[in-house]
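Protein chains: 2
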Amino acid sequence: MTLSYTGIRVRDLARSIRFYQDGFGLTERGRGTMTHGGRFVELEDPSSHQRIELNWYPPGSPYATRYTVGEGLDHLGFVVDDADATVARLLPLGASIALPVWTERGRSRIGFVRDPDGIWLEIESRIRRSPARVGSRG
Amino acid sequence: MTLSYTGIRVRDLARSIRFYQDGFGLTERGRGTMTHGGRFVELEDPSSHQRIELNWYPPGSPYATRYTVGEGLDHLGFVVDDADATVARLLPLGASIALPVWTERGRSRIGFVRDPDGIWLEIESRIRRSPARVGSRG
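Chains as they are written, first to last, in this note's numbering: chain E, 1 to 138; chain G, 1 to 138.
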């Protein structure tokens with residue numbers, strides 16, 4: 001028994017593929033068509049191997065209901081080298097600011113953006129200590 | 001840059017930990033408290049290494065908004081040995097049927113259940129061919 005992936009629903013499949021590939025470097029692992037005409041594209045992070053599946057439903061499908069961003073999906077978590085730079089890079093790709101980047105307990109920089117469908121993405125980078133402090137307990 | 005996990009929001013942390021641990025064998029990887037009082041528990045699938053983070057917000061938190069199951073999180077995908085048996089086992093753990101298990105193109109058994117918060121979970125098992133057919137193109 002395995003947890004295989006997280007499926008998110010998207011309203012424009014091409015837009016979302018581009019956003020997650022160009023924005024985060026996810027790569028396509030497979031795609032297909034559902035019996036009722038929906039389409040899915042599975043994307044994987046080549047380093048962490050975490051997977052998301054983009055799900056798109058055609059007009060008229062019983063699943064093409066009104067798109068509501070709910071509270072069930074809290075956010076997708078991304079760890080990056082530089083949260084501020086990543087957020088700035090994502091904006092022209094279709095992201096919008098949800099919570100501006102802040103410093104969390106002196107340990108990391110964290111911000112939240114919305115993807116093109118409004119899904120919250122956490123963008124976190126760890127603050128590097130200066131070399132002199134490595135190994136210290138300070 | 002890595003996709004680290006999917007964060008889902010839950011309304012009863014203990015209930016959800018039990019559901020995902022007992023229901024799917026996910027194991028705890030870490031937990032903590034957010035600066036504003038929220039709590040998170042990260043769970044990992046020991047075989048696929050896919051991770052979800054359970055997020056809980058206390059009453060009064062700016063994030064403890066009305067809980068809406070939206071369309072952004074389509075579903076979490078699980079691959080199991082026997083979809084019918086798994087669905088039956090999940091019901092007394094707090095799941096409810098969303099779509100009863102059906103046979104998909106003769107290749108797999110697929111059903112959807114709702115977790116205790118109403119999040120859709122896909123439960124899929126591959127149909128094993130009889131040994132005589134292994135390697136055939138039929």
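I should point out that these hints are in silico values taken from the structure, not numbers from a laboratory.
Just so it is clear, CB atoms sit at the ideal spot from N, CA and C, and this is done for glycine as well.
Warning: the hint list may mix true and false statements.
[To be verified] Sample of chain G residues facing chain E (criterion: CB under 8 Å; computed from the structure):
1. GLY7
2. ASP22
3. SER47
4. ARG51
5. PHE112
Here's how the hints hold up against the structure:
1. Contact between G:GLY7 and chain E, as hinted, is supported at the beta carbon level, the nearest pair being about 4 Å apart and thus within 8 Å.
2. For G:ASP22, the interface hint is violated, the least distance from its beta-carbon to any beta-carbon of chain E being 12 Å, above 8 Å.
3. A hinted interface residue such as G:SER47 counts as satisfied when its beta carbon comes closer than 8 Å to some beta carbon of chain E; here the least separation is about 5 Å, so the hint holds.
4. A least Cβ separation of about 7 Å between G:ARG51 and chain E falls short of the 8 Å threshold, and the interface hint therefore holds.
5. Annotation: interface hint on G:PHE112 violated; nearest CB of chain E at approximately 11 Å, more than 8 Å.
Checked against the numbered hints given earlier, this structure breaks hints 2 and 5; the rest are met.
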